[in-house]
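Taken in sequence, the protein lines are chains A and B.
Numbering (the working numbering) for the first sequence: 5 to 335.
Numbering (the working numbering) for the second sequence: 897 to 1742.
Honestly, the hints are just simulated from the structure, not real lab data.
Don't take each hint at face value.
Pairs of lysine to aspartate or glutamate residues, derived as EDC-like cross-links and limited to a Cα-Cα distance of at most 16 Å, are as follows [to be verified]: (1) Lys235(A) <-> Asp137(A); (2) Lys1704(B) <-> Asp1532(B); (3) Lys235(A) <-> Glu144(A); (4) Lys1059(B) <-> Asp165(A); (5) Lys1104(B) <-> Asp1475(B); (6) Lys1256(B) <-> Glu72(A).
Now the stretches of chain A that chain B is said to cover, found in silico as 3 or more residues with beta-carbon under 8 Å [unchecked claim]: (7) 29 to 40; (8) 45 to 57; (9) 62 to 72; (10) 167 to 173; (11) 234 to 248.
Covered stretches of chain B, as calculated for chain A (at least 3 residues, CB under 8 Å) [to be verified]: (12) 975 to 982; (13) 1043 to 1051; (14) 1215 to 1222; (15) 1232 to 1239; (16) 1243 to 1255; (17) 1268 to 1281; (18) 1348 to 1360.
Small disclaimer: the values here were computed from a predicted structure and weren't measured.
Ideal placement from N, C-alpha and C gives every residue a C-beta, glycine not left out.
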Amino acid sequence: MRRGSPQWLAAGTALVLVSGCAGVQSALDPTGAEAARINTLSWVLILFCTAVFIVTAIIAAVALFGSERWRRRLAGDRLVVGAGLIFPAVTLTFLLAYGIIVLGMGGGSAGASGSLRISVVGERWWWRVIYHDENGHRVENANELRLPVGRPVRIDLTSADVIHSFWVPKLAGKLDMIPGRVNTLTLNVHQPGVSRGQCAEYCGGPHALMSFFVIAMPEEDFSAWLANEAKQAKEPMGNPETRGRELFLASGCGACHTVRGTTANGTIGPDLTHVGSRHSLAAATLPNNADAFARWIRDGQHIKPENLMPAYRIFTDEELASLSSYLAHLR
Amino acid sequence: MENERRLDLPNQTPRPEGELEELERVWATPRGWRIVTTVNNTEIGLLYIGIAFLFFLMAGVLALLMRTQLATSDNDFIGQELYNQMFTVHGTTMMFLFAVPAVEALGVMLLPQMLAARDLPFPRLSAFAIWAYVIGGLVFFSTILYDLAPAGGWFMYPPLTLKEYSPGDNADFWLLGIGFIEISAIAGAVEIVVGALRTRPPGMTLAKMPIFAWSMLIFASMIMFAFPAVILATMMLEIERSFGWPFFTAAKGGDSLLWQHLFWFFGHPEVYIIFLPAAGLVSMMVPTMARTPLVGYRLIVIALIATGFFSFGLWVHHMFTTGIPALSLAFFSAASMAVAIPSGIQVFSWIATIAASREKFRITTPSLFILGFLFIFTIGGLTGVMVAMVPFDFQVHDTYFVVAHFHYVLVGGMVFPLFATFYYWMPMASRNMLSERLGRWVFWLMFAGFNIAFFPMHLTGLLGMPRRVWTYPGELGWDTLNMISTIGSYILGAGVLLFVIDLIRRFRPGRGGPENPWQAGTLEWLPNDVYSTRSIPLVTSREPIWDQPNLADDVREGRYYLPNAPTGGRETIVTSPIDAKPQYVIRMPGSAWSPFLAAIFTAAFFLLLTVKFVTIALVCGVLAIAFCLVWTWPLDHGPSRGPVDIGGGISLPTYMSGPTSHSWWAMVVLMFVAGSLYLSYVFSYLFLWTVSPEVWSPTGSPALPGLPWPAASALLLLAGSALIFLADRLLPQPGKGRVAVPVAIFLAVACLVGSLGVELAGHLRTGLAPTANSYGAMVYMAAALFGQMVFTLVIFGGYTIARYVAGKLDRERRVTFDNMRLLYYYTAAQSLFGLMLIHGFPRLVN
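So here's chain A without its partners, still in its complex pose (with noise of 0.2 Å):
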């Protein structure tokens, strides 16, 4: 039974090398400062694993089939004592001290600096992102988080309603989001690039279907984008996009979403003043583009079952088209 060991061990690291590398949510892959750290852990707890297997596999196989007298030599109390205590009380000492140092370098709000705060809150099945910059303003979006590159950020976490937990792999492990809890995560970037993370605590229905991307940018890109994003929402230039806000306005959509510049001002979802920016929509159910609005306006249910946006089906498909590049255009 032990022949197959290190074949399957090869297999696994050949995989590894196949596809590690492709993932946007890959911790294999890591562009962030905590989650290439544990990415050295994780390759250093792989071949101690690996190595005590192999060595252990090698002992059974001796004490099953090996000669009389190496099956000898480990019928006693001392290679239970030896490799059963002793060894492992060792190596899991150093282990353990390792892990710990990783431990202390990671995590907590320890070294964030600038005044930059994000907070993130769970919903379901969503993302709510508050950005409050150096100015004290705060500026809402949803299911996206921008990063500026090679400085931490501390993101505060909490939850509006179940347990969700943050996890984006390629930058850092995962922490819940618990309600009545803040807990605080730092994420520094290493390179521009998107990531993508999903929420990692089971929270009911599309739990599944619950994720985002980060999209991480140079400084001064960000500031930009910052600076943009805490501007009110695009006035419409021309026909469908004004027929679309008459509809969206009309149609109490603002009840529950918020269209800064706009009457709409409901914070039950996610805020819409630059939903066209976004990378992905519906916590990255869908692509972004007037299509998809028009598909999650009318078969939201559909495609992420049981979110709490009532399917709209009272549109004609004119009006869904209008609504649809109304929104896509507010970037």
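For chain A, the structure is supplied; the task is to place chain B on it using the hints.
For chain B alone, coordinates are given in the frame of chain A:
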């Protein structure tokens, strides 16, 4: 041989005519539909393991359906709602309805044979627990068929499981269903603790006890301390769902993390509760296949005890990502790594025993499953070390890496040993062995399938796939790995299916299978029947069959102790807990309807309560209690039947009261359970205070009632205890009466009720409401726990008085009274402590 006089053995042959027939008559299995009245652990244990295995198959089918859904990205084979219910039911069933019951079933089936006890001491309690489990379990599982199944995940975290976010009855099915299945597990634990400590054969000191009995003893002790935490948690969650007492609602001073602490304080030991008995089974089979005693017996016993102990200090490693302080993280990380050491000791003891084999280790189907177990469990243990590293856990927690890890631990650590057990101990239950040839196919399919299914999941998790997702998008690169896992799961399923086919072909319940087919050394391989061995041997070593020549024949011919049924009923020898010296002969009850009916009505009570048929539920509850009383009424039979001769010049009494009595021991076990439940409460009270001191009295809630209130309540408790003390002194001589006894018991119970009333009235007067905030909920929860004990004692006190009235209670026939007295003192002590906590703590910290 038959007529040879063997002077060194306790009894001489030939035995008197008709003796064996008498024994068989006494232990006869009820026929036809009366089979449901059987209480013999050996027989009802078969139902127990059978149903547990059925749950394994059904939850396995759910797993295959889920794997089918996950085979490709964006699949819609199973919808979101059903999938969420499926993984909840899969996990819940595997943990609560399969794993724990299966090992408990093996305990009650195998221990009597291994200890050569005619039966374990409380057969009716076992029968009750098993029937309650069968009915409750089947109803719970069937909820998946009509969309009533809970969908909160098997650990049911609030707030998701609160009424606000899970409005249907689904979650209540989990809470009430599982709540009472936990109670049936505790009933089994009582049986096993007292059985392992008190019904061993003469001469089997603790140091000669089979490792499986050790592991079951530790298993049962762990249940005693772990299960009460989750029972309290389920009580609180159900109360919050039904009545709105805010234990877990942050806005009212509750905390959802309280659930996590209580759940994992149970949930982590639970893993070892499942693993330790399986490890015990392996420690029995390995020496047989190696034809040599276990290497490192003492080290293994120490390792088992250490695992049991450490396992209570690990629960926070399920909560590493909840944002708890780094210092706690480091402590629990260290504890989680330390627990790897006892497992290492066991793994290397088995390897050393294999190396010590006489000739070579025999490769049989059980051996293959054991080697498969070693392979899989070692990987699971190593990934366990990985997830014990906090930063690594930050990445892989709640991902498929963890799914892989715990399946390696649980399937490796429990299912593979279980299959080895099925092949190895089949003669305990069936006339035929299972096929060795098919067995190899079963093993290789299961082993290959398991690894193909679960090994890739380590990687799937590292690539970012969280657990409990019913679908995933194609662009994340998880498709191939998921497809491999799905194929592997089908191969695993094919292996299990082949086993079932073999089972159908070969399994024929009954006795008369091959005798000791593996040439093992322990007592269960002596010739036996439903009453275990014909006579109970004197044990002088750990492998008596190997070391005591001619043991099988001597036992069969009745040359050892108690070869007959001297009281004319079921009985076995009770020995002292450490050195197994014979103390008395316990007379055990036979088949009866009452445990079966009590179980049906208990299950009905809980299930009807779930669907809010309160009146019928209450009627069933009353009937359940009534049948429990019917079942216990004949048990305290008194010393009417004098001492009996068990052979070897040993004459033993047939009735025992006081601390030597098995009944006294069971009561003490139950008091530990109650104490552990209460400690969980004290923890919860203090925990919520640290989270939300602002809602505590007097700042956030009305001031406590004045000191005269708790003082009056305490005085009533003390007065009641004094009355019980008095009743004890006044117990009459046999045949005499003394009216003061029932009066004192009645007044003592009245004092308890009064004490509870004073405590409740005091808090009600201040205007404190249980729904106001977590403080109010906690204050009234203390009263609820007190009320639970008072309720029990009202019934118990009334029952004791009834026994006096019926002339069944006196200075000698007093086990019922002793147990009531123990419970009374315990209740008074717990409630006095409760008064100090509730009335003292807020004053102290203010």
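Tested hints:
1. Lys235(A) <-> Asp137(A): Distance ~14 Å between Lys235(A) and Asp137(A) Cα, so the pair holds.
2. Lys1704(B) <-> Asp1532(B): Judged against 16 Å, a Cα distance of about 8 Å means the pair holds.
3. Lys235(A) <-> Glu144(A): Answer holds: Lys235(A) to Glu144(A) is near 11 Å, not above 16 Å.
4. Lys1059(B) <-> Asp165(A): holds (12 Å)
5. Lys1104(B) <-> Asp1475(B): Answer holds: Lys1104(B) to Asp1475(B) is near 9 Å, not above 16 Å.
6. Lys1256(B) <-> Glu72(A): Satisfied, since the Cα-Cα distance of roughly 9 Å is no more than 16 Å.
7. 29 to 40: holds (count 6)
8. 45 to 57: This one holds; 7 residues, not fewer than the three required, reach chain B with a Cβ under 8 Å.
9. 62 to 72: holds (count 7)
10. 167 to 173: holds (count 4)
11. 234 to 248: Violated, because only 0 residues of the stretch 234 to 248 of chain A bring their Cβ atoms closer than 8 Å to Cβ atoms of chain B.
12. 975 to 982: With 4 residues in contact (Cβ-Cβ under 8 Å with chain A), the coverage given for the stretch 975 to 982 of chain B holds.
13. 1043 to 1051: With 3 residues in contact (Cβ-Cβ under 8 Å with chain A), the coverage given for the stretch 1043 to 1051 of chain B holds.
14. 1215 to 1222: With 4 residues in contact (Cβ-Cβ under 8 Å with chain A), the coverage given for the stretch 1215 to 1222 of chain B holds.
15. 1232 to 1239: holds (count 4)
16. 1243 to 1255: The restraint on the stretch 1243 to 1255 of chain B holds, since 10 of its residues have a Cβ under 8 Å from chain A and three suffice.
17. 1268 to 1281: Result for this restraint: holds, n = 8.
18. 1348 to 1360: Check passed, 7 qualifying residues.
Figure legend: structure checked against the earlier numbered hints; the only hint not met is number 11.
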